[in-house]
Amino acid sequence: MVFLSLSFWREAGGAMNVNYLSVAPELILTVAVVLLLMIDVQWKPGYRWWGIAAALGFAGAIAASVMQWVGHRGEDAAEYFRGMIATDGFSAFAGILIFPIAAMALMTAWPLVRSLGRRGAEFVVLVMIAAAGAHLMAAASNLVMLFIALEVFSISLYVLAGFTRARADADEAALKYFLLGALASAIFLYGIALVFAATGTTSITGIATFLGNELLFRPGILLAGIALLVVGLGFKVSAAPFHVWAPDVYQGAPGGVTGFLAASAKIAGFAAAARVLTVALDARIEDWAPAIGVIAAVSIVVGTLLAIAQTDLKRMLAYSSVAHAGFILTALVGGAAGVADMWFYVATYAVQVVAAFGVAAVVSGPQQGPAPLADYAGLSTRSPGLALALGLMMLAMGGIPLTAGFVGKAAVFSAALDADYLWLVVLALVAAVAGLFFYLRVVVLMYMQPAEGSGSVPVPLGARIVLVVAAVVTVLAGVVPWPLLRWLGEALPG
Amino acid sequence: MSLIDYLPIAIMFGIAVGFAVASLVLSRLIGPKNPTPEKLEPYECGIVPLQDPVQRFPVKFYLVAMLFVIFDIEIVFLFAWAVRFHDLGWYGVGAVGVFTLLLIETLVYVWKRGALDWNIAHRRRRVVDRQLREAA
Amino acid sequence: MIVNQFLVLAALLFSIGIYGVLVRRNAVLVLLSIELMLTAVNINLVAFGQYLQDALVSGQVFALFVITVAAAEVGIGLAIVILIFRNRSSANVDELDLLKW
Chain A
-14 MVFLSLSFWR
-4 EAGGAMNVNY
6 LSVAPELILT
16 VAVVLLLMID
26 VQWKPGYRWW
36 GIAAALGFAG
46 AIAASVMQWV
56 GHRGEDAAEY
66 FRGMIATDGF
76 SAFAGILIFP
86 IAAMALMTAW
96 PLVRSLGRRG
106 AEFVVLVMIA
116 AAGAHLMAAA
126 SNLVMLFIAL
136 EVFSISLYVL
146 AGFTRARADA
156 DEAALKYFLL
166 GALASAIFLY
176 GIALVFAATG
186 TTSITGIATF
196 LGNELLFRPG
206 ILLAGIALLV
216 VGLGFKVSAA
226 PFHVWAPDVY
236 QGAPGGVTGF
246 LAASAKIAGF
256 AAAARVLTVA
266 LDARIEDWAP
276 AIGVIAAVSI
286 VVGTLLAIAQ
296 TDLKRMLAYS
306 SVAHAGFILT
316 ALVGGAAGVA
326 DMWFYVATYA
336 VQVVAAFGVA
346 AVVSGPQQGP
356 APLADYAGLS
366 TRSPGLALAL
376 GLMMLAMGGI
386 PLTAGFVGKA
396 AVFSAALDAD
406 YLWLVVLALV
416 AAVAGLFFYL
426 RVVVLMYMQP
436 AEGSGSVPVP
446 LGARIVLVVA
456 AVVTVLAGVV
466 PWPLLRWLGE
476 ALPG
Chain B
62 MSLIDYLPIA
72 IMFGIAVGFA
82 VASLVLSRLI
92 GPKNPTPEKL
102 EPYECGIVPL
112 QDPVQRFPVK
122 FYLVAMLFVI
132 FDIEIVFLFA
142 WAVRFHDLGW
152 YGVGAVGVFT
162 LLLIETLVYV
172 WKRGALDWNI
182 AHRRRRVVDR
192 QLREAA
Chain C
109 MIVNQFLVLA
119 ALLFSIGIYG
129 VLVRRNAVLV
139 LLSIELMLTA
149 VNINLVAFGQ
159 YLQDALVSGQ
169 VFALFVITVA
179 AAEVGIGLAI
189 VILIFRNRSS
199 ANVDELDLLK
209 W
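Chains as they are written, first to last, in the numbering used here: chain A, -14 to 479; chain B, 62 to 197; chain C, 109 to 209.
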């Protein structure tokens, strides 16, 4: 409800322009959360009620995002609540993406939720609040709002990472995520303070106007601020060299949580980065684009090389997510022109990563602990469905043609080529080929090695639905990507 | 503000430090010294110490303390609203009302879940009771 | 109004905070260092707000939000530290080596 209490913030002479549709997803989720908690604590109806409340909340949030999309796609951003919230195709698409992803992650985590007893309600609530925070990050049109949304999102995830409480590696993951995440938030905040000092405003469009009109003779403070902003956002999307938290957290946190964490952090982090960099700091593209290019290159190389050496599926996926952060950043070196390509990659990767961690969650049992690769040997004979789903996700992440991963890589490379970053594209191509090794290794392990365990792994209904949906989306977006690409052309920040 | 304006503070600082150092040095120089074991104990209002003071104390208050801190800090939003109370009018009252309702909702939830129960044994017993009820 | 002293003070505080995060071994002290960094940001925000003669007092209002968010963050952080302490009776960051650090 932060956005309501923010209303005292007066733009000089600006109108209040309240528009409840612009924050409808957050409002609906907040109401669902309040009802869920109050009814649960009073009448204790159990996990079925949590599922109903979460389904209603997410369905309402998706519907509201679709309404925003219909009304605002392809148009300039409309700012509401005195320039705090921007509604445009960009924020609407972020909602259409983040809420189904959160619902899918919750479905893969459902066995864990049921095993938590009374605390399960809090788990569901935290996923919903984190999703609302992630969407607010994409819709924030003021750095203050962006910071608050970032914290709503991050603090929920810190708790989720350590939620199982009984497993020592999970609370270790939570502490590491918390300490490094809080450090990143503080650095990001210092960046905001410096940008505020240099431009005199925290409004994203205000900064853009200021930088477009004024010539700064001594831009030191502004440049330092931009650098700190990039570092803070780099932490959140786990780009190297700010990725050290990712492997431990991905491995220690429960599988369902990790899928949500990986997907939503990429969506929200890159949405925020795209809005800050290509709208607010567009006039300064010569300053930040080379830095983004270097971070992308380092992420791709470090992520690919370290992923090869891993023996745990979740840890391998963590390093692979570092490499993917690099690929996605490759789209941003060209500024606003690459945002649609960034969206395509982020959307398809989010679906893949939720499904991959969903398989890990199913295979490693209800506590959803670590996932040593040895557990996956011969999975195709024990559970052909799971092996097929994980194999497809691995091929898509590796960028095999006819999967969404291939189209995504092609899209971000073409964006970087348009911006004359040939060296980055060559490097990324080499790394992508090298990366095929560890993705294919999982496939080989599942299909060509003898099974060690006996008996098939039971797949809960929720995980089954998620895997089918993810497989269909991944193949469909790989074979006929044009409708999605055309829509994404209307999902740009205004 | 020039440096000379800080002179009174500097003098005050000097006197404070000087007094502390002087009394320590003087008592060391002219005070009588005949230590006994009782005199070397830490002074606790003249009562003989029962146990070693360096020990862990129960953290059962940490939950209440943290909840207090979080609820306490939320008050600053009301402060910001109060500054512009007349400009914001009924819209402000409504917004702060919703904000307060959410805080109350949180408080009710925390209370019902037993986090405000000071007596941990009592809290544990309630959990056990509930588990027995659910098992039955 | 001269803003440089405040800038230097904030930068010093921020650096001390980063030093503490990197060097301290106890999770509670790391938490304290992060609080120090947030305080540095608050000093910056209020000083800049005053220096820019901002009619909206954005700097001060932003500082209020930072204070509340910091309180929430510390609440969560202490809870996680206590959880760790219960599981292995130590809040030492060095000893968290179940997962490769």
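Don't read these hints as lab results, they were simulated from the structure.
Keep in mind the model is a prediction, meaning the values are calculated, not measured.
Just to be clear, a hint being listed does not mean it is correct.
Said to hold, decoys possible - In silico lysine to aspartate or glutamate, DMTMM-like type, Cα no more than 25 Å apart, as pairs:
hint	chain 1	residue 1	chain 2	residue 2
1	A	Lys29	B	Asp190
2	A	Lys29	A	Glu107
3	A	Lys29	B	Asp178
4	B	Lys173	A	Asp405
5	B	Lys100	B	Asp133
6	A	Lys29	B	Glu166
7	B	Lys94	B	Asp66
8	A	Lys394	A	Asp405
9	B	Lys173	B	Asp148
10	A	Lys394	A	Glu475
What the hints assert, rightly or not - Beyond 10 Å from chain A on every Cβ pair, some chain B residues (computed):
hint	residue
11	Ile70
12	Ser88
13	Pro93
14	Val169
15	Val189
Cβ atoms here follow ideal geometry from the backbone N, Cα and C, with glycine treated the same way.
Hint check results:
1. A/Lys29 / B/Asp190: holds (15 Å)
2. A/Lys29 / A/Glu107: holds (13 Å)
3. A/Lys29 / B/Asp178: Holds, at about 19 Å.
4. B/Lys173 / A/Asp405: Distance ~61 Å between B/Lys173 and A/Asp405 Cα, so the pair is violated.
5. B/Lys100 / B/Asp133: violated (44 Å)
6. A/Lys29 / B/Glu166: holds (16 Å)
7. B/Lys94 / B/Asp66: violated (45 Å)
8. A/Lys394 / A/Asp405: Roughly 17 Å separates the two Cα atoms, so the pair holds.
9. B/Lys173 / B/Asp148: With Cα atoms ~38 Å apart, B/Lys173 and B/Asp148 exceed 25 Å; violated.
10. A/Lys394 / A/Glu475: It holds: about 20 Å lies between the C-alpha atoms, which stays within 25 Å.
11. Ile70: Given that every Cβ of chain A is farther than 10 Å from that of B/Ile70, nearest at about 30 Å, it holds.
12. Ser88: The assertion about B/Ser88 holds, with a minimum of 46 Å to chain A.
13. Pro93: holds (53 Å)
14. Val169: violated (7 Å)
15. Val189: The claim holds: B/Val189 sits with its nearest Cβ about 13 Å from chain A, beyond 10 Å.
Hints 4, 5, 7, 9 and 14 from the earlier list are contradicted by this structure; the remaining hints agree with it.
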